[in-house]
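Line by line, the protein sequences give chains A and B.
For reference, each letter of the first sequence is one residue, going 26 to 385 in our numbering.
For reference, each letter of the second sequence is one residue, going 3 to 210 in our numbering.
Please note that the accuracy of each hint is not assured.
[Claimed, not checked] Cross-link-like lysine-lysine pairs, in silico, DSS-like; alpha carbons within 30 Å at most: (1) A/Lys248 to A/Lys141; (2) B/Lys204 to A/Lys68; (3) A/Lys276 to B/Lys56.
Read the hints as simulated data drawn from the structure, not as lab findings.
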Amino acid sequence: MSQSKMTSLQRVLTTLGHQEPDRVPLFLFVTLHGAKELGLSIKEYFSRAENVVEGQLRLRAKYRHDCIYNFFYAPVEVEAWGGEVIYCDDGPPNSGTPFIRSFEDIKTIEPPQIEKTPCLTKVLKSSQMLKEKIGNDAPIIGVVMSPFSLPVMQMGFDRYIELMYERPDLFDHLMKINEAFCVQWANAQLKAGSTAICYFDPVSSTTISTKQMYLKTGFEVAKRTIARIKGPTATHMASGRCLQIIDDIAKTGTAIIGVSGQENLAELKAVCENKLTVLGNLNGIEMRRWSSEQAEAEVKNAISQAGLGGGFILSDNHGEIPWQVPDEVLSAISEAVHKWGRYPLAWLNPKKQAKKLMVS
Amino acid sequence: MTDLVSDFIEAILSLDRISAKKMLDNQNHRITPVEFIEEVVAVALERIGAEWQKGTLALSQIYMAGRICEGLVDEILPPCAPERKDQPKMAVCALSDHHKLGKIIVYSLLRASGFDLLDYATIEVEELVDRVKNDKIEVLLVSVLMLPSALKVKKVREKLTDMDVKIIVGGAPFRFDDQLWREVGADAMCQTASEAVAVIHKIMGGGL
């Protein structure tokens, strides 16, 4: 096949095979911007599958990126468990007061039944509609919170850390329940039309857990869970650091790792070489105030660090671009990828790349 | 003292409360409890905060270590004890966010370093402004996780222009954008919770 005729899906699959496609794939994780496109409030936008489908399709047409992101909001899962979701006008819906109020509650909680839970069936409907519209042109990315990271919203971060250290018996019990739900939720999304699942796991990052702790906990949970998900997965650290545990993450069976803007992209790419595809790592918080020129420079820099040889998808470093990022910046990012991301990356000198890596 | 700090760090990172407490008890008046807090506990917390920033320690360790130190310091220096520092009136909050871990760590580390402060928990802008005014707060520590919450600090600052209150901010959005704290009108930003101790000392010395 001629490289110039690649669809987004072919482009992504080629880079996942650690080969160079026609250009660097771009995953623009725009969720809230769909509400802007449709002139709706964020709450109204996420209330119907049809809105999200229309929003995602318009955003892809506008920015020519290489995936459809069927992500509503992180606390959709705690909403399904009976937890509280708090909406605001200028940011992602947030989880409210945790619904696990004492360690003892863990003994009696039961996971939601997906087909009987409207906030989840809404996501599945969106997945199905997107598949009908997109077919095999672009990957549709479904999202789950990892069983290991979900408790931050289920019970609060402080209580969760205490649980891990002080009540390993109840921690194990909670993981068992969460793993079963996560597998069911991921597979339901795949069945409905998602191509792959983004497994958000920030608590496993070395920003939050030590490597030693990760190997005993988040790593084992991820291995067990990902093995039962019937499709490809991308593990995302949501801005958390992961360089020290890349080899271990690769052993969980995931194909992609979403990396932090606070770690060196060239170094990450070198460690991931032929094991994991690197997804990242534009700074979404700073992006808010970038000029078009800076956006182009940032894209160029990221491609220069990680683009050679494939195995790289350009995106933000958090898995969700803030509402405050202007359309002009998103357009500039897209333009820059289309301009500087074309393979072969003739404007890069591979020798210079090797030197840069050695220095870092 | 360096060895004592290192041993203390080892104890709190191993969650060994008993050894940490023994180190204090074994001083036999070589240093006072207050000196122990200032020269051992506070220094230890500052060092582990710096290690977290470098990526060599995890947030969960910072939290658990802070909790042990807070408990230890409370035993030897109960809340409102006269030995607690002569300090500006302070409060800490999680602004508009139920993710409170950052706020809890700041509260815990400051108390473990001998300071006293009010805990406003999760709070919205209007209520925060009212409480700061009523309590005559001089140093307000604001912890956030989400960008919209970080941007709300600007509203807090605008509504407190008639008060001489220093606003110190911290949390993920500020770590990812080092210009954001100035944009929202804060007086200082801390990369780690333990950095707040140094910033408060600076304020007390008139340097901020």
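- Query: Given the proposed pairing of A/Lys276 with B/Lys56, does the C-alpha separation stay at or below 30 Å?
  - Reply: This hinted pair holds, its Cα atoms lying about 25 Å apart.
- Given hint A/Lys141 paired with A/Lys248 - CA-CA distance at most 30 Å: holds, 28 Å
- Message: For a C-alpha distance cap of 30 Å, please report whether B/Lys204 and A/Lys68 respect it.
- Response: Between B/Lys204 and A/Lys68 the Cα gap is close to 43 Å, so the pair fails against 30 Å, i.e. violated.
Taken one by one, the earlier hints fail for this structure only at number 2.
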